[in-house]
Amino acid sequence: MDSNPTADSNPSADDTLANLTHQPRTVLDRIQHLLHRYPVISPAFVLFGSAIVFTIMGNGRFQRPETIGIILQQTAVMATLAVGQTLIILTAGIDLAVGTGMLLTHLVIAKLVADQGVAPILALLIGALVGLGLGAFHGFVVTKVRLPPFIVTLGTFYIFNSIGLVYSKAQTTSKEALGGQQSLLLFTGRQISIGSMRITWGVIIALGLYILVAYVLANTSWGLHVYATGDDPEAARLAGINVNRVLFSVYVVAGLIYALGGWVQLGRSLSASSNAATDVNLETITAVVIGGTSLFGGRGRIWGTLVGALIVTVFRIGLKLGGVDAYYQNFAIGSLILIAVALDQWIRRVGR
Amino acid sequence: MSDGTREPILTAQGLVKRFGRVVALDGSDLELYPGEVLAIIGDNGAGKSTLIKCLSGAMVPEEGTMYLDGKQLHFRRPTDAREAGIETVYQTLAVAPALDIATNLFLGRERRRAGIIGSVFRMVDKAGMRRDAKNALDELGIGTLQDITQAVETLSGGQRQAVAVARAAAFGSRVVILDEPTAALGVRESGQVLQLIRDLRDRGLPVILISHNMPHVFEVADRIHIQRLGKRTAIVTPQTHTMSEAVAIMTGAAAA
Chain A
1 MDSNPTADSN
11 PSADDTLANL
21 THQPRTVLDR
31 IQHLLHRYPV
41 ISPAFVLFGS
51 AIVFTIMGNG
61 RFQRPETIGI
71 ILQQTAVMAT
81 LAVGQTLIIL
91 TAGIDLAVGT
101 GMLLTHLVIA
111 KLVADQGVAP
121 ILALLIGALV
131 GLGLGAFHGF
141 VVTKVRLPPF
151 IVTLGTFYIF
161 NSIGLVYSKA
171 QTTSKEALGG
181 QQSLLLFTGR
191 QISIGSMRIT
201 WGVIIALGLY
211 ILVAYVLANT
221 SWGLHVYATG
231 DDPEAARLAG
241 INVNRVLFSV
251 YVVAGLIYAL
261 GGWVQLGRSL
271 SASSNAATDV
281 NLETITAVVI
291 GGTSLFGGRG
301 RIWGTLVGAL
311 IVTVFRIGLK
321 LGGVDAYYQN
331 FAIGSLILIA
341 VALDQWIRRV
351 GR
Chain B
1001 MSDGTREPIL
1011 TAQGLVKRFG
1021 RVVALDGSDL
1031 ELYPGEVLAI
1041 IGDNGAGKST
1051 LIKCLSGAMV
1061 PEEGTMYLDG
1071 KQLHFRRPTD
1081 AREAGIETVY
1091 QTLAVAPALD
1101 IATNLFLGRE
1111 RRRAGIIGSV
1121 FRMVDKAGMR
1131 RDAKNALDEL
1141 GIGTLQDITQ
1151 AVETLSGGQR
1161 QAVAVARAAA
1171 FGSRVVILDE
1181 PTAALGVRES
1191 GQVLQLIRDL
1201 RDRGLPVILI
1211 SHNMPHVFEV
1221 ADRIHIQRLG
1231 KRTAIVTPQT
1241 HTMSEAVAIM
1251 TGAAAA
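Protein chains in written order, with the numbering used here: chain A, 1 to 352; chain B, 1001 to 1256.
None of these hints come from the bench; they were simulated from the model.
Take the hints with a grain of salt, since some may be wrong.
Stated by the list, open to error - If you anchor each label on the Cβ, the simulated ranges turn out as follows:
1) B:1139 - A:211: 52 to 58 angstroms
2) A:170 - B:1109: 50 to 56 angstroms
3) B:1019 - A:133: 37 to 43 angstroms
4) A:169 - B:1074: 41 to 47 angstroms
5) B:1135 - A:242: 51 to 57 angstroms
6) B:1076 - A:170: 35 to 41 angstroms
7) B:1076 - A:147: 49 to 55 angstroms
8) A:41 - B:1135: 27 to 33 angstroms
Unchecked claim - Derived coverage of chain A by chain B (criterion: at least 3 residues anywhere in the stretch with Cβ under 8 angstroms from a Cβ of chain B; other residues may be distant):
9) 223 to 234
10) 239 to 250
Keep in mind the model is a prediction, meaning the values are calculated, not measured.
In this text, a Cβ means the ideal position worked out from N, Cα and C, and glycines have one as well.
Let's have the full structure, built from the sequences with the hints guiding it.
Dropping the structure here:
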């Protein structure tokens, strides 16, 4: 064996270790680093780009404030649920039951008021508890039984759906049975006019949720631990983070958001039905992925999800207004998903 | 360094740890003295990693006792060891690659802002942690980085190692344990990490270094603990033994 190879060339402190900044070289490198650092750039680019294209295609109808109001209203439920989906995906999990979980709380809230005559505020609180319970069940099975989130929520997707159908007997609860237009249950559907743009309180609640979660993710220990848990659970554990507690809490929060989404859905449909919002399950995942959050966990921004959710609706409405056959809508959105995931793979290789 | 009259800062006596029928630690001892670099060498399966995991709280030994400054230790989890002032840099580095340098340095022990912003709104003190992270890196002579907010995954292997070592040094008030810190590094980067180890010792922090790399061990170690079949079979020094003699003891080819 040789003697030590580095003793003579005793490196000085200002050698390469000191130079911690990785210098991007080519233009492509710079773009990669920029997107790595600010993951909301690419979805924002797609949103504004598509808005411009649809404005040109839409014969003056797309950019009208009325249309923008409708886009926001149509996005509210999905965008609300996509917040929970983002939190779960940040931990490298997935929630396939977000739509049926939301519907279950939605039906519970409606039936309590319509059939049992429970006060709306109490019904909403019970709905929140039900959502919390569903989330806690997910959290328990993921952290204690140690089943993969994909399987857990695939199972509960069916289970929640079934419970909802049995519980509601697949019947629709009408607006009148919910207490009419002035009922607290339909508050989320009440409109506010900003010029000729009309939004609902549901839109404002969704936005408020984004502001709250953006703050928590960026500024609290819990938020940083969510990122660390998804990034490298073993590293997080060794850094003293209780990984299981973080995971459990994320599913509980997502469950609470089911109930919030269920309330926003009541205002959106002005009735309660077990077959409302059928697309919302997969669309939340679409919003998160298009919004630049990595399915492998640990990286992403909540604002990206909001942009991703808006992109989905903008594509649907924009293509319709542009006179494109409705059957092409899913083709466009599907293509966006593939591009977004390919982009994520490339960004993740930064510095390697 | 170990002149026999000084009290060890960290002691382990008769540690036993089994995995099913495999005995990883079979009554292992260890002493670490103030201001020294103690290297632990041993063949695969000699129980080096298990020994370290017991000292760092990642595993709980079934038998045996550990003392820090004469006080008995009862670690149940890694945070217990960290609270006692024992910091470990694991072979896997244990950094979150997507998070920035400053966040990684404080991961799991974020500081909150003062006042109502911290107590009610739970806001972490990002500016303060970045400043202290920069200072911690400065102190180790690796502080000329321009951007403490860049993600760890944009750094080279040696730079990541430096971040992990800096974290240990910044918080390890009593002992720093490094598990194979040079295993994934090139010659040049290894040299820099070895220099970091010497710097830590010179600042008065005793270091335990686990390594397979004999030249590295002989370059920085004051004493060498040779682990074999779950026990410490010998303690040698770079002055009294050659590398081949140490390897012979390690593999059982020579008696201790």
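Evaluated hints:
Taking 52 to 58 angstroms as the suggested C-beta distance range, the pair residue 1139 of chain B and residue 211 of chain A does not conform, at roughly 39 angstroms. One distance hint, 50 to 56 angstroms for the beta-carbon pair residue 170 of chain A and residue 1109 of chain B, holds here, with the actual separation near 52 angstroms. Taken as a hint, the range 37 to 43 angstroms holds for the pair residue 1019 of chain B and residue 133 of chain A, whose Cβ atoms sit roughly 38 angstroms apart. For the pair residue 169 of chain A and residue 1074 of chain B, the supplied restraint of 41 to 47 angstroms is violated, since their beta-carbon distance comes to about 58 angstroms.
For residue 1135 of chain B and residue 242 of chain A, the Cβ-Cβ distance of about 28 angstroms falls outside the hinted range of 51 to 57 angstroms, so the restraint is violated. Under the hint 35 to 41 angstroms, the C-beta atoms of residue 1076 of chain B and residue 170 of chain A, about 52 angstroms apart, miss the expected range. A beta carbon spacing of about 27 angstroms between residue 1076 of chain B and residue 147 of chain A contradicts the range 49 to 55 angstroms that was offered as a hint. Evaluation of the 27 to 33 angstroms hint for residue 41 of chain A and residue 1135 of chain B yields a pass: the beta carbon distance comes to about 32 angstroms.
Residue count for the stretch 223 to 234 of chain A with a Cβ under 8 angstroms from a Cβ of chain B: 7. That meets the three needed, and the coverage hint holds. Requiring three or more residues with a Cβ within less than 8 angstroms of a Cβ of chain B, the coverage given for the stretch 239 to 250 of chain A holds, as 3 such residues are present.
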